[in-house]
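S.K.: Heads up, the sequence shown is in the numbering used here, so the first residue is 1 and it goes up one at a time.
Honestly, the hints are just simulated from the structure, not real lab data. Worth double-checking, as some hints may not be accurate.
Label pairs and their in silico Cβ distance ranges [stated by the list, open to error]:
id, residue 1, residue 2, range
1, D37, T116, 51 to 57 angstroms
2, M93, A43, 21 to 27 angstroms
3, M74, W8, 23 to 29 angstroms
From a predicted model like this one, the values you see are computed outputs, not experimental measurements. Using N, Cα and C, we set each Cβ at its ideal position, and we do this for glycine too.
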Amino acid sequence: MSAYIEVWRASGVERTALAGQRVTIGAGPSSEVCIPDDDALSALHAVLEDYGSGWTVRDLGSRNGTYVNGDRLMGERALHPGDELRVGKTRLMFKAVGGPVRRTRVLANAVLPELTRRERDVLLALCRPLASVKPFRQPASIRAIAEELVVTEAAVKQHLLRLYDKFGLTDQSENRRVRLANEAILRGVFTLAEIQGADAS
Numbered sequence: 001m002s003a004y005i006e007v008w009r010a011s012g013v014e015r016t017a018l019a020g021q022r023v024t025i026g027a028g029p030s031s032e033v034c035i036p037d038d039d040a041l042s043a044l045h046a047v048l049e050d051y052g053s054g055w056t057v058r059d060l061g062s063r064n065g066t067y068v069n070g071d072r073l074m075g076e077r078a079l080h081p082g083d084e085l086r087v088g089k090t091r092l093m094f095k096a097v098g099g100p101v102r103r104t105r106v107l108a109n110a111v112l113p114e115l116t117r118r119e120r121d122v123l124l125a126l127c128r129p130l131a132s133v134k135p136f137r138q139p140a141s142i143r144a145i146a147e148e149l150v151v152t153e154a155a156v157k158q159h160l161l162r163l164y165d166k167f168g169l170t171d172q173s174e175n176r177r178v179r180l181a182n183e184a185i186l187r188g189v190f191t192l193a194e195i196q197g198a199d200a201s
């Protein structure tokens, strides 16, 4: 299954395939989806990312914001076939070939695992950097989580191993922390407001 976006330009609708794990959108020439004729678009406006289980969209601190189905993005959001994105004055449509994106199916069947209080603490510390306005945000490192919770890195690793198991992330890929943080938010363990509240405290 592949995904693409339709870019609605004045000259007509242009289809752009989503290739790789990260696709940037902006008016600048370095953006993979470059829309130079939109004066309301920032040079680096938004980014689409593939976490393996589906695509998400995130605003990169643009001056006019990014909208999905009319709602302004305040954080990262999962994309589903038919979602309408607005960046600047430009309309984009997210499409998937071969059926719904996998994330839609995962969320529909997802059961929120039971978490201990300490596991929730580790998970919240992991997700905390996602509330930042900095572009290309990443979940907290093991060291950063250990420092925040005043525990050893070994203890954090043990909690993460149990969390990977509870969320069904049984592979040994390097981006498991990213996927775990993403799944925690998408499954509703924490709302963005909770993460932002924790970030502000």
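S.K.: To test your reading of the hints: which numbers does this structure violate?
M.R.: none
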